[in-house]
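Participant: Grab the two chains, each in its own frame, and use the hints to assemble them into the complex.
Heads up: the sequence lines are chains A and B, in that order.
Under the working numbering, the first residue of the first sequence is numbered 1, with each subsequent residue one higher.
Under the working numbering, the first residue of the second sequence is numbered 1001, with each subsequent residue one higher.
Be careful, since some hints might not be right.
Stated by the list, open to error - Cross-link-like lysine to aspartate or glutamate pairs, in silico, EDC-like; alpha carbons within 20 Å at most:
| # | chain 1 | residue 1 | chain 2 | residue 2 |
| --- | --- | --- | --- | --- |
| 1 | B | K1265 | A | D214 |
| 2 | B | K1253 | A | D262 |
| 3 | A | K38 | A | E334 |
| 4 | B | K1273 | A | E195 |
| 5 | B | K1100 | B | D1084 |
| 6 | B | K1273 | A | E203 |
| 7 | A | K199 | B | D1084 |
| 8 | B | K1183 | B | D1158 |
| 9 | B | K1265 | A | D262 |
| 10 | B | K1265 | A | E334 |
| 11 | A | K244 | A | D214 |
| 12 | A | K333 | A | D315 |
| 13 | A | K201 | A | E180 |
| 14 | B | K1273 | A | D262 |
| 15 | A | K199 | A | E180 |
| 16 | A | K265 | B | D1254 |
Because the hints were derived from the structure by calculation, they are not lab data.
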Amino acid sequence: MISLLEAQHVSRVFHSGLLNKGHTLAVDGVSLIINEEKPSITAIAGESGSGKTTLARLLLGVIQPTSGSILYRGQNLAAMDRPTRKEFRRQVQAIFQDPYEAYNPVYKVDQVLTTPVYKFGLVHSREEAHERIEQSLRMAGLRPEETLGRYPHQLSGGRRQRIMVARALLLNPRIILADEPVSMVDASLRATILESLVKLKREFGISFIYITHDLTTAYQVSQNIYVLYRGSVAEVGGVEKVIKQPKHPYTRLLVSSIPLPDPDKHWGGESEIESKASAPGAPQAELIGCKFSNRCPYVMAECQQTAPPLYLTDDNRAVACYLHKSGAQISGKEMAELLANL
Amino acid sequence: MAGDRSQEAKAPVLEVRNLRVSYTTAAGPLRAVNGVSFYLWPGERLGLVGESGSGKTTTALSLMRLMQDTTVVEGGEVLLDGVDLLKLSEEEMRQARFAKISLIPQGAMNSLNPMMKVGEQLRDTIRAHQPKGNSKATIDARIQQVLESVELRLNVMDSYPHELSGGMKQRVCIAMSILLNPKVIIADEPTSALDVVVQRQVMETLRRVQVALGAAVILVGHDMGLMAQFVDRIGVMYGGKLVEVGPVRGIFKDPLHPYTQLLIKSLPNLDMKDVFRGIPGLTPSLLTPPPGCMFHPRCPQVIQRCSVDIPKFVEIKPERWAACHLCEGGRQ
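With the rest of the complex left out, here is chain B (with noise of 0.2 Å):
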């Protein structure tokens, strides 16, 4: 799946190089994402996991430059085909945001405008980006092929959003999300405030639409379930930076990071009763992030190097990124 992907996909869609984002504090700057690496492939389906704190929203948001005013992007690349999207004006931002990389976002179900029907709501859409030479009847067939490839009635859009459950909501944000047919669709946790049966139909939709589309996907999130289920990469951040990236299977069947391997062992499943395994500690302060390894506190595996200095995240092996260095020594 993932691993040949490279062969047939010569260039990544999108290359995210040592982005770093502070938040300006009280206390000072809070460094949210520091140096963070990835790349997406077309058509691919990567996800950012981490627990509260750990950057992956800071990270998505960051991609498309959708910020609040207290946040800093110190430094970095966001390629999307070559380009650099840190360094486009903001009207050239606006102009790429839907047509060349889009969000679902966190919540999307009160993401809606409340006052405005959803049909409009999806032609202004359009029109932001496409101000000349399209007619109502244009902009309308667009949106009623997407609603339907979304598998809701044309007739939401004669509706208010409160007129619709939470799971039709999310496919008007999904409907919106592909409307100009981006090349990646950023979900920030686009299912969790959704019930499972809920869940599972809204992310099948997602995929379908997705691979109909061949758009590349980031799913933000917390839930490693959710990544099994659906992604072909995954980026495990902790504390500001990816400790690991991989294919879905090997990260599941062999991580290479102890914190990884902690959080893949914490998971709940259906094969055992009774036990459990936590991870001791707390996440770090990002404010007075420890030296050396972010990880180090919490890590049972750790050594003396862990405390002084910051592991490289490095490629292992084919496909296998980590930031340890126990794994830089030649574990495997």
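Chain A with its partners taken away, still in its complex shape (with noise of 0.2 Å):
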């Protein structure tokens, strides 16, 4: 395996208010492998809170882990000469949740486009761009007659988004980070652009982070999940497993509140865990042990002492709870190594 973009064991704390005296522990000990070899979709997938868009920035070097290290083919970002970074730059790309807030809307939706292309030096002529951007504009399923000069108010969403996939794929990257990429979309189009996702893994091996709070569109596109609950990993494993069969339970609680398109498909199966897992308290900036431990309606004594490792439970899932302690402990990296090899 070669890692192409690797978490060892991050953490990042975010400090508030005056002298530092509030701090949250956005992302607490995240490990995470692509494999450079296997193209894949990687799901990270939690809700407001769970410390997943902090994981994604961490990823991409826009901010740096308080712990811990981000590597990028072995190197760390914290300590990489120019020219890399310029490579890691290029080769990690990312799609944003907002495809309104991207665009300087007195400019044509060109701009996003060439900016990249000169900035990176990739062509040495205008034709050159020209082509280049047109052929990943039909990557990402646009027509370039239909889309080059027009204003971004001129397209939907849909397109607009779609835009952005183009603009990620005009650099060749390796990897792209999606941050909640359809979640403003409408539906008609969301299943068009998770699909121009999964072919760009399938047809150009490109792998990708899709960084979601919809765990049903992430079962759909990814091979891989890692769930976070306020920064930690509660359940990682093929999505198969986790998404059906979810073992930890908070997972479960997550699963079960999926509201289905099947009106005979009722919400809210697992009514044990339902009835007793509250909805999320207070943020509590110094809770022991587990962190779910206070909403956790199977809590026992020693889950309010430290707080769980993961045990592997099947051969491609492992999860961070003592109910399954019975399987055997594993480390972060050594399962994220485990994944990234499957």
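Facilitator: Below, the structure is given as structure tokens:
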């Protein structure tokens, strides 16, 4: 395995208030590996406050970890020389949630496409730039003649989001981080955009990190999933296992809360968990032990003493929960390696 | 369920007839709601679904007569217990809001006054409608009763909105919407900003208080999953029109209109991986709508007639309404 992008036990603390009185552990010791040799789509799922977007920003090098490190092809982002950093910024691209905010409304959409092409010096002539832009628009499922020369407001949200996909593709990236790419797009277009991600993986070998709160689309597009709860990995593994047979009480609560588009599959099958797992309480800075223990219907004494490590419950799934301590204990890094090699 | 409702309740609590609403824009009038008709039985939960620009929110806000100055109701009737809300004076309409028809607005979390304690905002709602004869004690007794029914502690009355979580603020909005026992509650994407777990809890609370009150609910949104879990009947909107209305199970099992069929096929579920069925094409421009059926440029089953005649919204079979030439032609 060649590790393309790797998070090694990264944590990130945000300080707030005067004199750093308050602090929030947004990401807490997360490890993740994307294998360069096997293109994959890896989902990072969680609710608001789970740290999924902070993890994405750490992986992009936009913010620095408080501890742990982010490695690009084995090199620490924090200690990278300029040429390698430029290479990293070309090969690791991002698509964000809001296809409206990414544009300058007074410029034609062409601008978001031409800027990166020239900035990275990928072309030698105007014609070459144009060709490259048209090619990536087509890869993203857009017709160049219907797209170029327009202003952002003349295009639908779905098309604007696809231009963002095209923009990411321009630079021939190896990996794209997609942070809630469809949450603001209409239902009829959602499927088309997700389909283009899967196609790009299949046809061009681009890996994706798909960051979402929506377990249904995570299930649809990805092979592996990391479920985050308050900055820590609660459950990690193949999507079939994690979403179809969730084991962590938090994942079970999440899965049973999905409003399925079927009136006969009633919401909240897991009534036992439902009734006891209350709504998230006030944020606690210092919760000792398992972070879910104050909501967990199965809470035991040990849960409130030490945070549970990951236990391997299946050949491709691990759960950070003492209910599953019959499984072999596994470190986050080992688990990330295991999944990257599958 | 919804099927035999017509026997138990003879008259609908709300009937909307041929509602037409347009926006004044620099490029001319934009017909956001174009001839929408539906009824709502007492105690029923009706979903209005559609993509952005389909007219669902404009329809909902027009029922409350809460529109911006650039919005013009061009015609139609909104009959609440036989009284046309569109004909009421401003003052009469103000009295009807919350007392007869109430709203849980989109992004309700931001609709509370940040400078005012929650209890005071709730008291205001009562006082605005019943200026006389209510002591503070009776008002607070009612508020406490309602807060309990939405599972909030009474101490939220002394809290400012920013001190509450998103789910709690949403519950305050639900409490406010039921304070005066309205017959109809309009919930406009009430949980779109909430996480799934909280969303489910809030929706269950809404359902419980609605059933207890016997009020009807119109749930406006784009999430078909939420509709499947919450409503009795669904109305599907496209390009400012209702294209299909029917009981929730019928709509999901046997959608009549091609748009509904594609919409339901496009939904992600947990039974299929790597299968994507988007709807090709784009939503129509309401400034220059296509002739004939609004959906015909995207419709895979389009026939020649579709680009010429506007299909009528008719009852195809009991309780199942659709506006499509194929259905009229007896495809069933």
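Participant: Now tell me, hint by hint, if it's right for this structure.
Facilitator: To see whether the hints hold, each was checked on the structure:
| no. | hint | verdict |
| --- | --- | --- |
| 1 | B:K1265 to A:D214 | holds (18 Å) |
| 2 | B:K1253 to A:D262 | holds (9 Å) |
| 3 | A:K38 to A:E334 | holds (17 Å) |
| 4 | B:K1273 to A:E195 | holds (11 Å) |
| 5 | B:K1100 to B:D1084 | holds (13 Å) |
| 6 | B:K1273 to A:E203 | holds (17 Å) |
| 7 | A:K199 to B:D1084 | violated (53 Å) |
| 8 | B:K1183 to B:D1158 | violated (29 Å) |
| 9 | B:K1265 to A:D262 | holds (12 Å) |
| 10 | B:K1265 to A:E334 | violated (39 Å) |
| 11 | A:K244 to A:D214 | holds (14 Å) |
| 12 | A:K333 to A:D315 | holds (15 Å) |
| 13 | A:K201 to A:E180 | holds (17 Å) |
| 14 | B:K1273 to A:D262 | holds (17 Å) |
| 15 | A:K199 to A:E180 | holds (18 Å) |
| 16 | A:K265 to B:D1254 | holds (16 Å) |
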